[in-house]
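There are 4 protein chains.
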Amino acid sequence: MGSTFGRLFRITTWGESHGPAIGVVIDGCPAGLEISEELIQHDLDRRRVGQSKVTSPRQEQDRVTILSGVFEGKTTGAPISLITYNADADSSKYEPLRDVFRPGHADYTYWAKYGHRDHRGGGRSSARETWGRVAAGAVARQLLRTVAGIEVYAFVRELAGIQMETFDREEIDRNLVRCPDPVAAEKMVAAILEAKEQQDSVGGIVEVRADNVPPGLGEPTMDKLDAVIGYAMLGIPAVKGVEIGEGFASTRMRGHEHNDEFYLENGRVRTVSNHAGGMLGGISNGEQIVVRLAVKPTSSVARPQRTVDIHGNERVISVEGRHDPSICPRVVPVAEAMLLLVLADFYLLNRAARI
Amino acid sequence: MGSTFGRLFRITTWGESHGPAIGVVIDGCPAGLEISEELIQHDLDRRRVGQSKVTSPRQEQDRVTILSGVFEGKTTGAPISLITYNADADSSKYEPLRDVFRPGHADYTYWAKYGHRDHRGGGRSSARETWGRVAAGAVARQLLRTVAGIEVYAFVRELAGIQMETFDREEIDRNLVRCPDPVAAEKMVAAILEAKEQQDSVGGIVEVRADNVPPGLGEPTMDKLDAVIGYAMLGIPAVKGVEIGEGFASTRMRGHEHNDEFYLENGRVRTVSNHAGGMLGGISNGEQIVVRLAVKPTSSVARPQRTVDIHGNERVISVEGRHDPSICPRVVPVAEAMLLLVLADFYLLNRAARI
Amino acid sequence: MGSTFGRLFRITTWGESHGPAIGVVIDGCPAGLEISEELIQHDLDRRRVGQSKVTSPRQEQDRVTILSGVFEGKTTGAPISLITYNADADSSKYEPLRDVFRPGHADYTYWAKYGHRDHRGGGRSSARETWGRVAAGAVARQLLRTVAGIEVYAFVRELAGIQMETFDREEIDRNLVRCPDPVAAEKMVAAILEAKEQQDSVGGIVEVRADNVPPGLGEPTMDKLDAVIGYAMLGIPAVKGVEIGEGFASTRMRGHEHNDEFYLENGRVRTVSNHAGGMLGGISNGEQIVVRLAVKPTSSVARPQRTVDIHGNERVISVEGRHDPSICPRVVPVAEAMLLLVLADFYLLNRAARI
Amino acid sequence: MGSTFGRLFRITTWGESHGPAIGVVIDGCPAGLEISEELIQHDLDRRRVGQSKVTSPRQEQDRVTILSGVFEGKTTGAPISLITYNADADSSKYEPLRDVFRPGHADYTYWAKYGHRDHRGGGRSSARETWGRVAAGAVARQLLRTVAGIEVYAFVRELAGIQMETFDREEIDRNLVRCPDPVAAEKMVAAILEAKEQQDSVGGIVEVRADNVPPGLGEPTMDKLDAVIGYAMLGIPAVKGVEIGEGFASTRMRGHEHNDEFYLENGRVRTVSNHAGGMLGGISNGEQIVVRLAVKPTSSVARPQRTVDIHGNERVISVEGRHDPSICPRVVPVAEAMLLLVLADFYLLNRAARI
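Residue numbers (my numbering), protein chains in the order written: chain A, 1 to 355; chain B, 1001 to 1355; chain C, 2001 to 2355; chain D, 3001 to 3355.
These aren't lab readings, by the way, just hints derived from the structure by calculation.
It is possible that some hints are incorrect.
Claimed, not checked - Examples of chain A residues lying across from chain D (beta carbon under 10 Å, computed):
#1 Pro20
#2 Ser36
#3 Gly69
#4 Tyr114
#5 Gly115
#6 Asp118
#7 Gly161
#8 Gln163
To be verified - These stretches of chain C come out as covered by chain B in the derived footprint (C-beta under 8 Å, 3 or more residues):
#9 2012-2018
#10 2021-2027
#11 2159-2173
For each residue, glycine too, the CB sits at the ideal point set by N, CA and C.
With these hints in hand, go ahead and build the complete structure from the sequences.
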């Protein structure tokens, strides 16, 4: 179990890397929303592999088909089933991995938990599962845009230790690493290619932001906005940390520095700074939501590594196959999707906050 | 809504800082577990305020009473209701705060969301709510200890920029800041007292660990162990970041460095290093679980700050009252409790993983 | 687990018959609702034992105390914790029942499931648990009345085979059995007293209705209004059947008879008849909601019965103690509460049905 | 929302009557279970339309394809996605129904709730949705059979007032109405054909039973076995009532008659009679589970009926199309599926009942 996310705007993903298809069911999308395959495909195309020299060469068109829940261009309130068929699923490369555990991967833990696993391409634990998250995120984006003008976007802030120094939102989708600083982007691409050449991989930091979020989203004390964002982001493959606003940097600030003072702007309550990253006490405060994710270096590296197999032998393994030397650029659309899903759910939940 | 945590081992907290009582209901604790008020009180005493010069002087005995679910010393499978009555709830100090928003606190967002709020001591948003989490965590601790020998502990790793340099687990509860390094602890106490004198506050980093966790806990793809830990930890008041294993440091490592190689130890699969912090693909791998939390400096500072009130006026406020100049030492038992709750839930869920 | 009801308007009950107290936590009641202990007590007083010669002589004041979630007379959106302390819990009578299973009761099944049980007064399985349902139902009633003018009421339709023949809503609370027909009520009282004298018990049929329910409540395909009503009603102790509208009688009707034809009344869609009991396809249609419950004869009878004990001996038992010779009159407020809880939850869920 | 059923063994159905496909995702099926398309198809074939002169002539092969969660013949613990493509979906007949509400159907309530609906063949409200329930039920059947030897079966007990008088389990699938009494079956077929000729429809009573259910299933106080059965059964299209054991007949019994006395059979606790239908206090007691459903006469009748349309006009309608003059025979496999799903979920939940 555990493949469902959300309470009211609720998604369930299914499918394995090398099975016939993968998909997602969205249950709880309100009726009357304009949705099309094109709209969803737009977000999916940003997630696709085979996009450039810095990502996996696996070719997947990832075309979405809407199987239910949309009638004559609008949602009906019924579950929305989205599917894509796996095309370029070359399983033969995985045959040698049938009984051996790749370090850094979920092979061992799935085997330990379930006793029986689909080893092909990581099976269920493959990042291919995020297709469904991004597809559902596109629907959430349309909902939030339509009903509240909320906009969510993400980008690579740091990669292989190279930090972004300027910010131009338009730049994000112009370069291969999705960094809003073209100079840093160039260095990042070089770092990825260098790692690739060395049969290695690199990590980085992805930032996600949301604009125009109204005050009031979040359901304390357990389902705080920050808590559910933490849940959403740490569920993305390769993410090992998440911080809100100043995050870890706040631990070295003084209280009077970190507190965001309030003022009025045309009668609206605003804060002078935004160290809190757009939320207080687990509820959005109307400022920009700012979240950062720590993305580990990809686990699939061709260098030989020590490992063991299911028969209780120690082995040495080189993970061949088609992998991303850095997953950061492809985490960008997934991180957006997860924040969109969180906000869509809280947006609907908030309708029940007052009589 | 949103006051429930967990699926099978499920808790619901209730109560306001200055109401007559606060409490928690645990639904789903298996029958047959030995539980007593003393056992729960032991954990609660570590959370209490009024413990030392570095914490709030508010005096609360925080005595737990078991109202249900335990019969002749053992759980019956029925909901366990735990309660404590608020004693030293001096609300008069809060009267001036009835209509004004303290910076860094949830006053504004609760007001924006609900339209009507209990302003006394932060009402529902008070850290006093964590009493219920710690009480329930003590029951989870007893469960995990009894059925699996799992042990969870936490400590302050860094405070006001002062880092722990040695580790002695026995030391943790010996000093006022719960740091396992007595030399660093002394400096941390000094830093807190200095901040207090300056009507200010400081933050820090808390680390939580779990030993003896068997492989298999976690329910991917959404309810991964890391994801639910993120949810649990970012729901603790003042926590602004969470990382697993190497966390943010992993972003500057290479893949071959970060991957934990496997080997066999008496037939058991182990990893040479533990950069992953005890989990792979969202499932525990049998190594130590390692989680770190970024704790912001306490928001209640006596220094004057700009703010606004509910009537639409800009104001200046000094937050008097009885506060912790650093909440880190008191986050320690809460962080333990949250990890215990996560593990107890996954432990029970894992019983359904195989036929 | 399993002590929680509802998704958005969500209650968790706790407590045993002879423990120190029983209670309920309501999580998800919208903020801004006027609530008082008096308002809740009004519904609780209708549920109380010790009311008359036809109910159990156990004396419980059942006074409710609001412990949280209400501030200056209005809900705050925080969990509402309600408690009552058990006063007249005479456990000594239950000592002989510590190791023996009363026929028709949950003694054996709780023992088989949990291995350890509170035998006193049925422990958790006691109908005393319904206190929390009725208390929470009173809050749901206030919500539905305030926001939508919805009114719910119930009554005894049949008892010991004696059927109601006239209907006067005002009559319901005037007689001891809560039957809207005073003539039938008199016969029912006589039947109960006769059964009591014979150390026996009788069953009957309770009907619950809701007026002014707007069209649109219910969440198909699984959480249909009828389905969730079935769930709610079959969870009431002693209820062994539930039907909607014509219910079992519909099985002998023809389709053209059973279908409720539509017409317009001042522009509003109405049905000529109401065989469907106010719902179509799992969603309310704006007509009166009509539900009937089959209530079995109370299981506690003083007549000797064959049974077994936990030591594997066959025994003969006479269930002494203070019991209701018919539980029907006391099912009335519980059935109301459950329908109120269902409707409150669906009312809030329905706010997310459209963009 | 509302298309998910179950807590641990959890299904989500999706799809409309005349959309491209319908399906179901099962999340939480334990790993290691032998599953095949043939096994699932076996149950689906019993649900299919176009089977005989007493059911709808719509032709659907209803072939199931397993898209995920099964690898080399066994479940992996990942979500199991099952799909079938709609073949014979003749939507043209529904064009005249685009803006008019069929009496007894969900047309009006879906329109009132969602404001936008797929009118073709009832869209989401079509009984075609039960395909996913039956497919998932087949997996639950395999689970329960494998781990506990539990067997579930259902049959038509009464139809158009004609009651079954003998019981031969082998007979059930031999006749067109699935009645275990061949003589009654013949009369039932005649009654259906007569109703069909008269452009009308008939209802009946379906009974579902489960053998070999161990004591302990059910999670009181809210998620009692009876309560969740009520939820499951009243969610089946056309079901208007449900009863357990003696059900409504118990209301006219005396307590000493209705109570099932306990005795020992080879050390196992048994009851002499089974008026309770296999459960006490919401938990299975080891006896046969017995549930009966009231099935209303099908709403689609060709006779002219009064109705209204979405433009606010009163109209007269004759529901042409391909319908079942009695849905009872096809409720049989759906009722089995729902009981299987309930039991599978409780079976897994019960693993967490004790330490």
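Cross-check of the supplied hints:
no. : hint      : result
1   : Pro20     : holds (6 Å)
2   : Ser36     : violated (15 Å)
3   : Gly69     : holds (7 Å)
4   : Tyr114    : holds (4 Å)
5   : Gly115    : holds (6 Å)
6   : Asp118    : holds (4 Å)
7   : Gly161    : violated (36 Å)
8   : Gln163    : violated (38 Å)
9   : 2012-2018 : holds (count 5)
10  : 2021-2027 : holds (count 5)
11  : 2159-2173 : violated (count 0)
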